[in-house]
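Participant: Read off the chains here:
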Amino acid sequence: MNPNMLYVMAGIVVLCIGLEGILTSKVWIKKILGLNLLGTGVFLVLIAFGKRSGQECDPIMQSLVLTGIVISVSVTALALALLQKIVSFGSDSKEEKT
Amino acid sequence: MTNERNIATKIIVKFMFFLMALTLVGIAWTAPAENSYISQAATHRVKEAGVESPVTAVLIHFRGYDTLLEVTVMFLVAIGAMAVGTSKEDHQPSLLIAPDEKLLAKPMIRILLPVMLTVSIYYLWAGAKKAGGAFQAGTILGAMGIMLFLAQKLYAREKESVLWRILLVSGPFTFLTVSFISIFFDNAFLEYPQSINSQLIFIIETMVKISTGAIFCILFTRARSLSFLEKTQ
Chain A
-12 MNPNMLYVMA GIVVLCIGLE GILTSKVWIK KILGLNLLGT GVFLVLIAFG
38 KRSGQECDPI MQSLVLTGIV ISVSVTALAL ALLQKIVSFG SDSKEEKT
Chain B
8 MTNERNIATK IIVKFMFFLM ALTLVGIAWT APAENSYISQ AATHRVKEAG
58 VESPVTAVLI HFRGYDTLLE VTVMFLVAIG AMAVGTSKED HQPSLLIAPD
108 EKLLAKPMIR ILLPVMLTVS IYYLWAGAKK AGGAFQAGTI LGAMGIMLFL
158 AQKLYAREKE SVLWRILLVS GPFTFLTVSF ISIFFDNAFL EYPQSINSQL
208 IFIIETMVKI STGAIFCILF TRARSLSFLE KTQ
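Those sequence lines, one after another, are chains A and B.
Residue numbering for the first sequence follows this note's numbering, starting at -12 and increasing by one per position.
Residue numbering for the second sequence follows this note's numbering, starting at 8 and increasing by one per position.
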């Protein structure tokens, strides 16, 4: 077995944990963390998959991951800004955020 | 009763995610061992793009649409954060222990600032040949800006100044302008003239780097006030 397949499987596990966090958690900040975890898992899967048969790493996968990392940082920042706005509206959303 | 039901639901949900992981592993296991013809073509035709690094060639040239959309998404996120986020002076986080800090933070910044600038320019230059490029360089530039904010050399405002807005828009604007102008020289959209393509890619990368750094700075100043987390407890 190629060791890169191990990375692919680890990435899939991280991806599923992140997706579960997004879908089942009731805390907003945990949802944002889950989104980051999901992204990290996908990047690990893509990068390891591009190198699965020991050749040069697939340049298309590399640039997709490069694109994805920057987007994931931006999405996290926008989600935090939105969360800040939601909390600043006061007690209306109290049951959602705890 | 409800507690037991909750536990049963949780176990079922966990089992579903386990099944999903198994399915994904199965798909990955049975995938063909060779890379697709697209990536083989990308590796073999790097020379036509005007740069030696296949990643930069794919990013700016072969799959320019992706990168153009990415830069636009980042620009939109910065606009969204500017519209939604608040930046009040009294919430400004700071590295400085005292207002007249002379011991740690300011000397550290004096050493780190030229190093970070040099490394970010090196990454941009290295992007033509090996790993590196606009986004890596822009991230370092953004980290430099965040450091300056934390040391209170730069201040977050209620409304960003014209210079910040120009920096924000410079990346997407240059990318679109270069792509549109090259249409008038018998090229398709996002296809650059063969003779000057490496220069054009360098111009695009420089401007994308500057606007990436500026966008990260804006995002930090807008989403940085995490004091709201304490209120929820």
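What the hints contain is simulated information worked out from the structure, not anything from laboratory work.
Careful, some of the hints might be misleading.
Straight-line distance between alpha carbons at most 27 Å, and here's what the computed DSS-like set of lysine-lysine pairs gives [unchecked claim]:
1. K136/B x K72/A
2. K136/B x K38/A
3. K54/B x K136/B
4. K13/A x K17/B
What the simulated footprint calls covered on chain B by chain A, stretch by stretch (three residues with Cβ under 8 Å from a Cβ of chain A suffice, anywhere in the stretch; the number is not a length) [unchecked claim]:
5. 114 to 123
6. 194 to 205
Predicted model only: the values in this text are computed from it and were never measured.
Glycine included, each C-beta is placed from N, C-alpha and C at the ideal position.
Participant: Check the hint pairing K136/B with K38/A against an upper bound of 27 Å on the C-alpha distance.
Facilitator: Distance ~20 Å between K136/B and K38/A Cα, so the pair holds.
Participant: Given the hint that K54/B pairs with K136/B, does the C-alpha gap stay at or below 27 Å?
Facilitator: 11 Å, holds
Participant: Given that the stretch 194 to 205 of chain B was listed as covered by chain A, double-check it with a C-beta distance under 8 Å for 3 or more residues.
Facilitator: violated (count 0)
Participant: Under the criterion that the straight-line Cα-Cα distance not exceed 27 Å, is the pair K13/A, K17/B satisfied?
Facilitator: At roughly 13 Å apart (the allowed maximum being 27 Å), K17/B and K13/A satisfy the hint.
Participant: Within the assertion that chain A covers the stretch 114 to 123 of chain B, do at least three residues meet a Cβ-to-Cβ distance smaller than 8 Å?
Facilitator: Since three or more residues must qualify, the claim that chain A covers the stretch 114 to 123 of chain B is violated, with 0 doing so at under 8 Å.
Participant: K136/B and K72/A: Cα distance at most 27 Å?
Facilitator: 44 Å, violated
The structure fails hints 1, 5, 6 (numbered hints given earlier, in ascending order).
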